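Novice: With the hints as your guide, set chain X onto chain E.
Order-wise, the sequence lines are chains E and X. Heads up: the first sequence at position 142 corresponds to 125 in the numbering used here, and the numbers run straight through without jumps. Heads up: the second sequence at position 284 corresponds to 338 in the numbering used here, and the numbers run straight through without jumps.
One or more hints might be untrue.
Reference listing, derived: stretches of chain X covered by chain E, where coverage requires no fewer than 3 residues with Cβ under 8 Å from a Cβ of chain E [claimed, not checked]:
| hint | region |
| --- | --- |
| 1 | 262 to 268 |
| 2 | 286 to 295 |
Calculated lysine to any residue pairs in the SDA-like style (CA-CA distance at most 20 Å, straight line) [said to hold, decoys possible]:
| hint | chain 1 | residue 1 | chain 2 | residue 2 |
| --- | --- | --- | --- | --- |
| 3 | E | K114 | X | D292 |
| 4 | X | K257 | E | K108 |
| 5 | E | K108 | X | K345 |
| 6 | X | K345 | X | E318 |
| 7 | X | K164 | E | K75 |
| 8 | X | K257 | E | N48 |
| 9 | E | K114 | E | N97 |
| 10 | E | K75 | X | E261 |
| 11 | E | K108 | X | D292 |
| 12 | E | K108 | X | E295 |
Hints are computed from structural coordinates only; laboratory data are not their basis. Please read all numbers here as calculations on a predicted model, not as lab measurements. The beta carbon of each residue, even a glycine, is placed where N, CA and C say it ideally should be.
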Amino acid sequence: MRNKEIRMPILPVEAYYSQEWFDLEQEHIFGKTWHFAGFTEDINEPGDYITAQVGSDNILVIKGNDHKLRAFHNVCRHRGTQLLRAEGNERKAITCPYHDWTYSIEGDLLSIPNQETEFPNLNCKNMGLHKASVDIWRGMIFVHPEPQAPSILQWFNGVEEYLGPHRPEELIEYEEGMTEHTINSNWKIVAENYIDGYHLSHLHSNTLNMYDHSKQESGFVGPHYVFYEPLEKEYLDNLENYAPYPLIDHIPREQVGAYVPLLFPNLGLGEGECDWSIFLIIPIAPDKTKVITRSKVMNASSLNFAKQGLLSNAYWNKKISGKYFGKNSDDPMASGDFMAEDIFACEQQQKSLKSSRFFVGATAINLEASVRQFQQIIRDYIPK
Amino acid sequence: MSQMQNAQVVKLQKHGKYATTVTLKVDATEPIINKKSGQFINIELDIDGKSYSRSYSLHNAHKTIYPQFTVKRVKDGVVSNYIFEHLKEGDKIRISNPNGKFFINSDANKYRTHYFFAAGSGITPIFCMINDLLENEPHSAVYLFYGNQDTKQILFKDELTNNVEKYPNRFYMAHALSSSFWGASKVGGLPAFTGIIDKKKVKWLFENCPPVAQEVVYYVCGPGTMNTDISNILQELDVPESLIKMESYNPTSSVPVSSNGNGEAKLLYTLDDERWETVVPSGKTLLQTLKDDGINVPHSCQAGICGMCAAQLKKGTVKMGNNFVLTDDEIADGKILCCQSVATSPELEIEFDD
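Extracted from the complex, chain E is given alone in its bound form:
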């Protein structure tokens, strides 16, 4: 029998496959923190709304005619039906599709069909939608399941000085940067992979080699992981010609590099020299995780993009390749795509967790310190 005390190295191995741990995390981490819900431009017009899955809660965010956002739990007070679908526009009111109970944009219950005969004693005043919290930070909409959430400034206190000088609200999203992957591993394996500084030179030896991993700097600000590494010399020296897209114009030369934080618990950012992206890690089941990426670039003409692509194409063709030269063209390790390499590594690790011989032999003193600290933070969130 395998030893029950196996640790990863801080959290017990069960934390990566048991439903019990999954539920505890949903309640104590995802139910009590701020979460990415979208970019500000996802909700443009009054009445526009989006929904976000935050742990077990679905939160809707809707814009009023005052252009202020309101957040509610997406649950009808009648029989609990989910009110709104993923995105859309409800200019005047929020109506439940099931029995047409209707709420104002402030969440007050406005009308109930056949109220006089069917609900003569129901007090509408006590039946408003459950409020959640919403705020905007760095061009992103964040929600919190609690109505009186601690301030978002407090939550991200001190983080900003370790992020890039990027102004994401001035950049524009491009369609190819929008991806969705389902990964067969626990969400923490994906998160730990995101903050593991040790694997960069190895798993991604031929895909992330435009960065100088030997000069990486990282640490934690509260529960949030922050990371920076400069560009590799040849790339930096020829940046104007080798950058695949037009360079982001508001980054001073001495600050160029990759800023790759993981905002607790599950939002990775990738802030680079010519693109800015999010990496959202959504737990689906103990061994299933959805990752959504969205990317932004300079608001430049397609001609400029084409020119920059032509200039840099030869460099990247030579620079980037698979780690292994597999015969099989769909081998992630031969793909030359770092995302495919990461997904492969995460799934391979998940597969071993229940092995009778599974054991974490040792972790790197420096380059895997982040993994240990992340696990300690998770540990601290879960009541003993």
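Specialist: Then chain X, alone, in the frame of chain E:
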């Protein structure tokens, strides 16, 4: 609470033919403490042997021995024209401590969006609030819609324009000019629209300056019906009434209500934990009655604006004139403004808050 102290005029600065900025120095060694930007002081001036009292919003948001305020000239206004034409550096006047309920508490840890709607001299408390927020609430944004008759009337035009340049990501404003012949144009490089601040303009502001920080507060200060008009527009645009803060700014602060009470009334009142009794003559306000009795009741503007003389009505009924302070809920709970209340029942009992 509203004791008067002596002050000396140390500087007078005229803005064209329209306004005067007065800088005083208080005589006492103790600075006056303007705890909350947006508050005003009362000044007392003797003009031609008569004593006049007016309220002016302070520019200084902090502790100071140099309180400063700006007075816009009002047609036929005794005090504003006296200040413009006759007040001299070195003159002595009497002033009260700052008070009033229209203010903000700036807070460096807050992350808020503040929308201001001002017209005419209604800018004076708002100017102070905006400066305080820009200096002391670094994460928050401030937006202003500012109405005037024409470009010559715009108080603090340069200071506000400079703030837009100084705080490019945190402050923006637009003008509304009610008697301008021209269509949308610019004042100091900033958008200027024709007409008063109406729904279309408010929508324009929200569309072009949407709130980033989602804790949002709305402040309105102007003359006449502006406050209720803007408040109604905001509510039509989904703003909850509870987030709208207003102060009425009429060019001359009207002094006591003329009202017809229903005969004299016996008044029982509790002040500083002691109970007293007096008689209120028909049509006289409760505040005036107590003042005539030589009682030192907290009060300031005597125009239903500042809220200093608020009391709790325990028994009887009153009729109130102006009220720019108490909410409907407070009135329903029996709060009254003594300076605006005349008795409408033969017996009254009131209690002053501590």
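Novice: Indicate, hint by hint, whether the structure satisfies it.
Specialist: Okay, the hints, checked on the actual structure:
no.: 1; hint: 262 to 268; result: holds (count 5)
no.: 2; hint: 286 to 295; result: holds (count 6)
no.: 3; hint: K114/E <-> D292/X; result: holds, 16 Å
no.: 4; hint: K257/X <-> K108/E; result: violated, 29 Å
no.: 5; hint: K108/E <-> K345/X; result: violated, 45 Å
no.: 6; hint: K345/X <-> E318/X; result: holds, 17 Å
no.: 7; hint: K164/X <-> K75/E; result: violated, 31 Å
no.: 8; hint: K257/X <-> N48/E; result: holds, 8 Å
no.: 9; hint: K114/E <-> N97/E; result: violated, 26 Å
no.: 10; hint: K75/E <-> E261/X; result: holds, 18 Å
no.: 11; hint: K108/E <-> D292/X; result: holds, 18 Å
no.: 12; hint: K108/E <-> E295/X; result: holds, 17 Å
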